[in-house]
Amino acid sequence: MKKYNINHLRELESESIFIMREVAAQFENPGLLFSGGKDSIVMVHLAVKAFWPAKIPFPLVHIDTGHNFEETITFRDELVEKIGARLIVGSVQESIDKGRVAEEKGYNASRNLLQTVTLLDTIEEAKLDAALGGGRRDEEKARAKERFFSHRDEFGQWDPKNQRPELWNIFNGKKHLGEHFRVFPLSNWTEMDIWQYIYLENIDIPSLYFTHERAAFIRDGVVLADAPFMMKRDTEEVKTMQVRCRTIGDITCTGLTFSTADNLEDIIAEIAATRVTERGGRADDKRSESAMEDRKKEGYF
Amino acid sequence: MKQKTMDNNQDFSSKAYLDMELLRFSTAGSVDDGKSTLIGRLLYDSKSIFEDQLESVKRASIKKGNEQIDLALVTDGLRAEREQGITIDVAYRYFATPKRKFIIADTPGHVQYTRNMVTGASTANAALILIDARNGVTEQTYRHSYISSLLQIPHLIICVNKMDLVDYKEEVYEEIKEQFSAFASKLDVKDIRFVPISALKGDNVVDHSKNMPWYGGGTLRYILENIHVGSDLNHLDPRFPVQYVIRPQSDEFHDYRGYAGRVAGGVFRKGDRVVVLPSGFATTIEAIDGYKEELKEAYPPMSVTIRLADDIDISRGDMIVKENNVPEISQDVDVMVCWMSEKAMQTRMKYHLKHTTNDVKCMVKEIKYKVDVNTLNRIEDGNELKMNEIARVTLRTTKPLYFDSYRQNRQTGSLILIDEATNNTVGVGMIV
Numbered sequence: 001m002k003k004y005n006i007n008h009l010r011e012l013e014s015e016s017i018f019i020m021r022e023v024a025a026q027f028e029n030p031g032l033l034f035s036g037g038k039d040s041i042v043m044v045h046l047a048v049k050a051f052w053p054a055k056i057p058f059p060l061v062h063i064d065t066g067h068n069f070e071e072t073i074t075f076r077d078e079l080v081e082k083i084g085a086r087l088i089v090g091s092v093q094e095s096i097d098k099g100r101v102a103e104e105k106g107y108n109a110s111r112n113l114l115q116t117v118t119l120l121d122t123i124e125e126a127k128l129d130a131a132l133g134g135g136r137r138d139e140e141k142a143r144a145k146e147r148f149f150s151h152r153d154e155f156g157q158w159d160p161k162n163q164r165p166e167l168w169n170i171f172n173g174k175k176h177l178g179e180h181f182r183v184f185p186l187s188n189w190t191e192m193d194i195w196q197y198i199y200l201e202n203i204d205i206p207s208l209y210f211t212h213e214r215a216a217f218i219r220d221g222v223v224l225a226d227a228p229f230m231m232k233r234d235t236e237e238v239k240t241m242q243v244r245c246r247t248i249g250d251i252t253c254t255g256l257t258f259s260t261a262d263n264l265e266d267i268i269a270e271i272a273a274t275r276v277t278e279r280g281g282r283a284d285d286k287r288s289e290s291a292m293e294d295r296k297k298e299g300y301f
Numbered sequence: 001m002k003q004k005t006m007d008n009n010q011d012f013s014s015k016a017y018l019d020m021e022l023l024r025f026s027t028a029g030s031v032d033d034g035k036s037t038l039i040g041r042l043l044y045d046s047k048s049i050f051e052d053q054l055e056s057v058k059r060a061s062i063k064k065g066n067e068q069i070d071l072a073l074v075t076d077g078l079r080a081e082r083e084q085g086i087t088i089d090v091a092y093r094y095f096a097t098p099k100r101k102f103i104i105a106d107t108p109g110h111v112q113y114t115r116n117m118v119t120g121a122s123t124a125n126a127a128l129i130l131i132d133a134r135n136g137v138t139e140q141t142y143r144h145s146y147i148s149s150l151l152q153i154p155h156l157i158i159c160v161n162k163m164d165l166v167d168y169k170e171e172v173y174e175e176i177k178e179q180f181s182a183f184a185s186k187l188d189v190k191d192i193r194f195v196p197i198s199a200l201k202g203d204n205v206v207d208h209s210k211n212m213p214w215y216g217g218g219t220l221r222y223i224l225e226n227i228h229v230g231s232d233l234n235h236l237d238p239r240f241p242v243q244y245v246i247r248p249q250s251d252e253f254h255d256y257r258g259y260a261g262r263v264a265g266g267v268f269r270k271g272d273r274v275v276v277l278p279s280g281f282a283t284t285i286e287a288i289d290g291y292k293e294e295l296k297e298a299y300p301p302m303s304v305t306i307r308l309a310d311d312i313d314i315s316r317g318d319m320i321v322k323e324n325n326v327p328e329i330s331q332d333v334d335v336m337v338c339w340m341s342e343k344a345m346q347t348r349m350k351y352h353l354k355h356t357t358n359d360v361k362c363m364v365k366e367i368k369y370k371v372d373v374n375t376l377n378r379i380e381d382g383n384e385l386k387m388n389e390i391a392r393v394t395l396r397t398t399k400p401l402y403f404d405s406y407r408q409n410r411q412t413g414s415l416i417l418i419d420e421a422t423n424n425t426v427g428v429g430m431i432v
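Protein sequence lines correspond, in order, to chains A and B.
Going by the working numbering, the first sequence opens with residue 1, and the numbers climb by one from there.
Going by the working numbering, the second sequence opens with residue 1, and the numbers climb by one from there.
Don't take every hint at face value.
[Unchecked claim] Chain B side only, calculated, beta carbon under 7 Å to chain A, not exhaustive:
{"#": "1", "residue": "L18"}
{"#": "2", "residue": "D52"}
{"#": "3", "residue": "L54"}
{"#": "4", "residue": "A91"}
{"#": "5", "residue": "Y92"}
{"#": "6", "residue": "R262"}
{"#": "7", "residue": "P278"}
{"#": "8", "residue": "F281"}
{"#": "9", "residue": "P301"}
{"#": "10", "residue": "V360"}
{"#": "11", "residue": "M363"}
{"#": "12", "residue": "V428"}
To be clear, the hints were calculated from the coordinates, so they are not data collected in a lab.
Just so it is clear, CB atoms sit at the ideal spot from N, CA and C, and this is done for glycine as well.
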């Protein structure tokens, strides 16, 4: 690398740190949406770097579907402890109990959609005026149109056809009372960038990302983890399988990959060779061509 | 585990990965000029389109009644875009080759989307301009080229596409090249290259074309991989807009006070004599902090934290510069404005103005002339600027701005205008 050039990972890092500081400067009460997945872990890592030696000037916000991998919650609590951050938990179970949402029924029932209501309620209750999310533009075609600073109206809705122009590195976070912003510092990162960065920075990630044995079954070609609340058809046989997670979300819709990768180098080699996107295993995106766009308009992550 | 494909030289070992540079380029085009096919090919040939994405495009193509896979559907993200078969907004695409990572800002080409073209061009190092070999240089070519030059994209790559439809004739290519070069002399662009291609057939996109032995230059991908981008950023005039003040107020860092920001120009080193604007106080850089470490120097586009030797009152919006290299300081700025809102800009109107990390208000003093983006002619008419129009405008700000011309520095030379009632970004400007 020539003098006064930085490599692309450092450039992405610098861009994300700039965005995080912009959020801290432009908003009164931001929060960082934390799912326990690799992207939000990288987000926390970047936030720590952005404000060092001070602590992160905003809380982590976890929307808990109640249908988690156990490891996710343990990991979350340890991370919060380590960085000395405040944690806000919005519970989907509570939203169900309060009658704000109704549980989906049937084999493919998932709490993924219900999260949106809990998320918006949590944002309102905690009076957040900006919610930092780990969404990336390479994930999904509706996300490819997303701004770094994404305006949401008083109902939390996204209006993709009427977004604010975003040029250079000038970000317009002005809003009316009751409106909020979603901010995506990782917009320009790809899945490969995330893994290479985790490797480069030696960032701790949950053991779920590495190969392990797990009771699982196959539905419509997707490998799903078994859990007490998973309804299974008679034909769906639970077996012990050698798997790992490529993404981590709600357990009911997170597809697992057959893999023996037990270290980051192997994971990176696996990603480089794979021919399916990481969301290819996500049942939530398969519901329709515009599944993500529709959910996002309603206020989804 | 490594796959055997035409691209099996893809090396994503971490060592190689860390050596990669980032290149951002913009494309603009309409439905018929093969832009989507070209992007589709660049993504496909670098293994950046995945099987499930291809499946979903296939499904959508069949649904629309198409016989062939419509690669344009890969780039159209919103439901309305797929339904209407047009690109409305800027879409960002990513692919990597062993040498570089690329970000494509894919924008619509029609005149009514000039504002989207401007948006996509604002961060680009290079612009791909497509010319249909059958039609030669058109109004749209002029428009794209002018906007690329206005936004100071350093490198233009002119792709003469659909060479297969003109029997790969060298004369056709040469004629277009000549036609474009004559026009380009009016533009302010550092580097212009030409490449004859067929996006559909793949000629000169990734592999050298056997159909055009007369072409001795590199393929499109080779050009993209080898354009020199190191000198695109300003490394001469040190500019550090203060973004955020870091004060831990903890036992360990009791007296710590650091000024966080992203270097917008030049090189800063520990011990440098600096001046803080607007106060004009001079002091010395005590340290440049990265994460848990001190850095010897900082340059664009690094995000760092600067500590100063003296206790001076500094807040967001201030700018740290070198004592012997100070930007312009003024409340009157001349700006090339591109208007982005349905509600026209008028003289005497007031707007919020954002420039670097600074936030002020401004009034439109004068609209000097508009530019016809198709002919580059100046039009002196009226006191109104409508959506997608570009004009030279004089603004008067409530507080001084510290700025350079956009030509000199894209960071300290750019600004946006915000409607005070709606909070929408309604205009963008490049300081003359």
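Checked hints:
no. : hint : result
1   : L18  : holds, 5 Å
2   : D52  : holds, 4 Å
3   : L54  : violated, 9 Å
4   : A91  : holds, 5 Å
5   : Y92  : holds, 5 Å
6   : R262 : holds, 5 Å
7   : P278 : violated, 18 Å
8   : F281 : violated, 22 Å
9   : P301 : holds, 5 Å
10  : V360 : violated, 13 Å
11  : M363 : violated, 18 Å
12  : V428 : holds, 5 Å
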